[in-house]
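4 protein chains.
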Amino acid sequence: MSPAPHQAIASHSDGAGPHGYSLPLSPSGRSAMLTPPPWHFSGDVIMVDYRVDPAAAAGFLPPGLTLGADPGAAAAVFAAWQWCSDSGEQLSDPSRSQFSEFLILLGCAYDGAAMARCPYAWVDQAVPLVRGWVQGMPKQYGAVHQTRHGLAGRAGSRRAEGGLFAGNLSVHGQRVVEATVTLTGPAQEPPALHTVPLVHSLVTPAWTTPIERPAPLAASEVTDVEFDNIWSGKAELEFLDALDEDFTGLRPVEVGAGHVFSYAETLKGGRLLPLLGE
Amino acid sequence: MSPAPHQAIASHSDGAGPHGYSLPLSPSGRSAMLTPPPWHFSGDVIMVDYRVDPAAAAGFLPPGLTLGADPGAAAAVFAAWQWCSDSGEQLSDPSRSQFSEFLILLGCAYDGAAMARCPYAWVDQAVPLVRGWVQGMPKQYGAVHQTRHGLAGRAGSRRAEGGLFAGNLSVHGQRVVEATVTLTGPAQEPPALHTVPLVHSLVTPAWTTPIERPAPLAASEVTDVEFDNIWSGKAELEFLDALDEDFTGLRPVEVGAGHVFSYAETLKGGRLLPLLGE
Amino acid sequence: MSPAPHQAIASHSDGAGPHGYSLPLSPSGRSAMLTPPPWHFSGDVIMVDYRVDPAAAAGFLPPGLTLGADPGAAAAVFAAWQWCSDSGEQLSDPSRSQFSEFLILLGCAYDGAAMARCPYAWVDQAVPLVRGWVQGMPKQYGAVHQTRHGLAGRAGSRRAEGGLFAGNLSVHGQRVVEATVTLTGPAQEPPALHTVPLVHSLVTPAWTTPIERPAPLAASEVTDVEFDNIWSGKAELEFLDALDEDFTGLRPVEVGAGHVFSYAETLKGGRLLPLLGE
Amino acid sequence: MSPAPHQAIASHSDGAGPHGYSLPLSPSGRSAMLTPPPWHFSGDVIMVDYRVDPAAAAGFLPPGLTLGADPGAAAAVFAAWQWCSDSGEQLSDPSRSQFSEFLILLGCAYDGAAMARCPYAWVDQAVPLVRGWVQGMPKQYGAVHQTRHGLAGRAGSRRAEGGLFAGNLSVHGQRVVEATVTLTGPAQEPPALHTVPLVHSLVTPAWTTPIERPAPLAASEVTDVEFDNIWSGKAELEFLDALDEDFTGLRPVEVGAGHVFSYAETLKGGRLLPLLGE
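Taken in sequence, the protein lines are chains P, E, Z and D. Just so it is clear: in the first sequence, position 188 is 239 by this note's numbering, and no numbers are missing. Just so it is clear: in the second sequence, position 6 is 57 by this note's numbering, and no numbers are missing. Just so it is clear: in the third sequence, position 206 is 257 by this note's numbering, and no numbers are missing. Just so it is clear: in the fourth sequence, position 132 is 183 by this note's numbering, and no numbers are missing.
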């Protein structure tokens, strides 16, 4: 019933100087680093289900979120993305339309609805990094590598029994996460934590005014979700000792199944979640 | 009389969940990508004075700013930085404490006071990029290279007569700006556009709510400014044809003197500039 | 009848100090940057047939090679590779087993046999770069980007009618080549220039002794060639003006069809081609 | 009395097809990735003296070299370089003329003359990497970071008492070496291992013919050596556990003094060292 989020975020000139959806503002608005949503994403994903200490997970949940039905459920996700805006123009320059991402998901709930919380994420391009901050998604810069999907021959990895898919993350020249998935068979269903809305905190670092506490919660609004060619198998997942103790607190206490699939979605905007009864 | 900006931006826990000066929020606050200001900067700078079409410059000024006393005054600045927070801990890992930057400055005025407007900036590290957005400074990702200062021998460039200093910027694998300065002698004064406050627009891209228009203006508050070993000379400056027409509108109509110097400052925070009489 | 090339290149210790297939030499030989062949390659390829001025092509052919049956035939090739040695161990770390490549092929002949000459190639990883020099293949460092193959959704590109595949090359922050292929239908045959042996010049830059002139010719010996899911379509190809005039001499005088396919091969070694009748 | 090495390595056309000092060969020779020597280098250096197990060092010495007068003497060297050929043209594009390097030096002797052996080296640019292989210097690709020298202000490091200089090396996203030097005073003499010739093994990986064993030895011939503003102090040096056991064998058993200085040299070529009496 409410207007689509992206209708609220037009950035046309109103005669009041340089403009744009984001910095840099410019006379025509065309210099903005970010195009306004919707943003269309297509990617190949390697995902490992795992479990964390529920108390550690709870420490990452802001007021309004609870651990939900399965306390300690978590996932580590490697994704190799292409993205474009409605015009599709980014696809003609793959140096602009591609990035790789690693993120952690924690199962949680808001007002009884299952959601996922992303406590940490890393990407290797600046545009998706800043787009993350617009959403409240804590994207930092990292080197993310994962096996290519579907190559022929002896050095290729196919979605077939025995197929080996590996991913790793390095930050500032230090290895942080390593994972492998060895496929055992096709899956009927997408992995659960990849099917629920992400809920982020809209944090604006204090500059001229104090920071707002707690930061407002916003859920991602996505459409046109597509899962393709899902396979599952045995997984390994290791957190190496390169970051701080808060990150280390989310290391696996148990590693579950691994999954490999193609995925697409359109991210239309964010929906504010009111702080309920507190 | 007002409290120092950084006193307003503490981010200690208040028992209300994960916290931090910026994303990512975490139980202890230590995972934040950004340390709170003050931020201390030390760098080597190559700067070229030039002139733009004043009408083009005016198109980049939001309500509240005017072209000031010298319409069309501009500068192109290459800087190789080290930075640290008060603890200085970043300096023990130069993979974290260094970045390179290219930016353009336009002369302007607010309420009669000379300031500089930065319509475009590029850096090669994510932390200063995001820190830019906190300030309203439009930092994007680019590959920035400049001559090293002070090396001995035939492949070195010293601040001496005839010393050659070059800089260039590439964005997504396309060369955007090239500059050289050939030194003729030491300078008594720092170049004017590097001595006035920067005035930025605090733009928050619309996500759950519409964008604020016009964006609030904020001036950088810096202390402990230090200029060292300033030399000047003849400059060349060229904008290549790789970005949009708004950027191209700021290309040089006349190239002035070049300058090479060391510079340090402490950036303490931002000061809101009220929108006067409009 | 001759022994397989890789049998000649064992690098086991003979009690005569540090050893290895390549630098760095070390006590066990394990520090060598290069593993000995065979090297297994699996990749996704975007290829554009084009024509060059035959006289320009001839200027890149050393004594012993002629332009062959189709003077001026050329191709521009973007490839996204995974590779491994016989052990396959590289595949568990995709930061080591992947690279992207752009190269130019010129049709030529040796002693009546059709071959291809690679006058220029660029890769984005050091191991394949140095491996190129071992073969006489002139790999330099460049940033190579191409559309990912087979992603689902609106930002994905599939091998289907209308599928758009783009590639580009940048060198030292300057764009050098841009290409696109828009698919029209599946192809029955692989593109001709990708099916003939490569013939390289084994150039050793002079250091303690003068350079050998002309450099010996060597043909690549490959097995286990696999083409998969070949599609063709309309192509665009542009060389931008960033390198020297020799390179520019190979710019397209006519652009032909484009091709997209998966490819695998095993590179076993090189075979010396005697300099015939001169 | 012998001709200068660089006189032997001209690469002018002799009418026998494409030519050049190195690959790629081209009609005019201008496309060669490497310019012929001499190569002029200017850099800022952080160097840590340390000691290795002499038996481990001996394992890296080929026939003809001995441990010399001080078995186990070693150094870890971080250098931030600019380079140019005789024309100096590279200096106008700092994206081409700069690189960073980390290397290890082991004290050794040839025929009674003190020399240094470099068992491992890493650089962050392809041109110096391949130039290393021409010399027999085992340069691999790594991310090398070191403190900038001489910056003003609180985030700057000056060559003065208490000045902190740090360096680190990462390879494929894994941290390999970390070092710091805290300056205590100026030094009268350059550190010994930086003043003797380097002796390399001219290794050509087998391709069409078997590898030559043992590889010929060549000593670097340098002129115009310049040390400037040498300071020394207390050092820390740590090898992390990311590479193979051969590398690990050279880890410090004792850490000595650290040194910081500017350095320049001209590398003219290599001189073959005959294999004496064996």
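Heads up, a few of these hints could be off.
The list treats identical chains as one, so a pair stands whether inside a single copy or across any two.
[Unchecked claim] With a Cα cut of at most 25 Å, we get these calculated SDA-like pairs of lysine to any residue: (1) Lys319 <-> Ala106; (2) Lys319 <-> Leu253; (3) Lys319 <-> Thr255; (4) Lys319 <-> Thr260; (5) Lys319 <-> Gln191.
I should point out that these hints are in silico values taken from the structure, not numbers from a laboratory.
- prompt: At most 25 Å between C-alpha atoms: does Lys319 with Thr260 qualify within a copy, between copies, both, or neither?
  reply: between (29 Å within a copy, 13 Å between copies)
query: From the Cα coordinates, with 25 Å as the cut-off, is the pair Lys319 and Leu253 best called within, between, both, or neither?
result: both (16 Å within a copy, 23 Å between copies)
field: Copy assignment of Lys319 with Ala106, given that the CA separation must stay at most 25 Å
entry: The answer is neither: 33 Å in one copy and 37 Å across copies each exceed 25 Å.
- prompt: Quick one: Lys319 to Thr255, C-alpha cut-off 25 Å, is that within a copy, between copies, both, or neither?
  reply: So Lys319 and Thr255 pass the 25 Å test inside a copy (21 Å) and across (17 Å) alike.
query: 25 Å Cα cut-off: does Lys319 pair with Gln191 within a copy, between copies, both or neither?
result: Result: close both inside a copy and across copies, 22 Å intra and 23 Å inter.
The structure fails to meet hint 1 from the earlier list, while all remaining hints are met.
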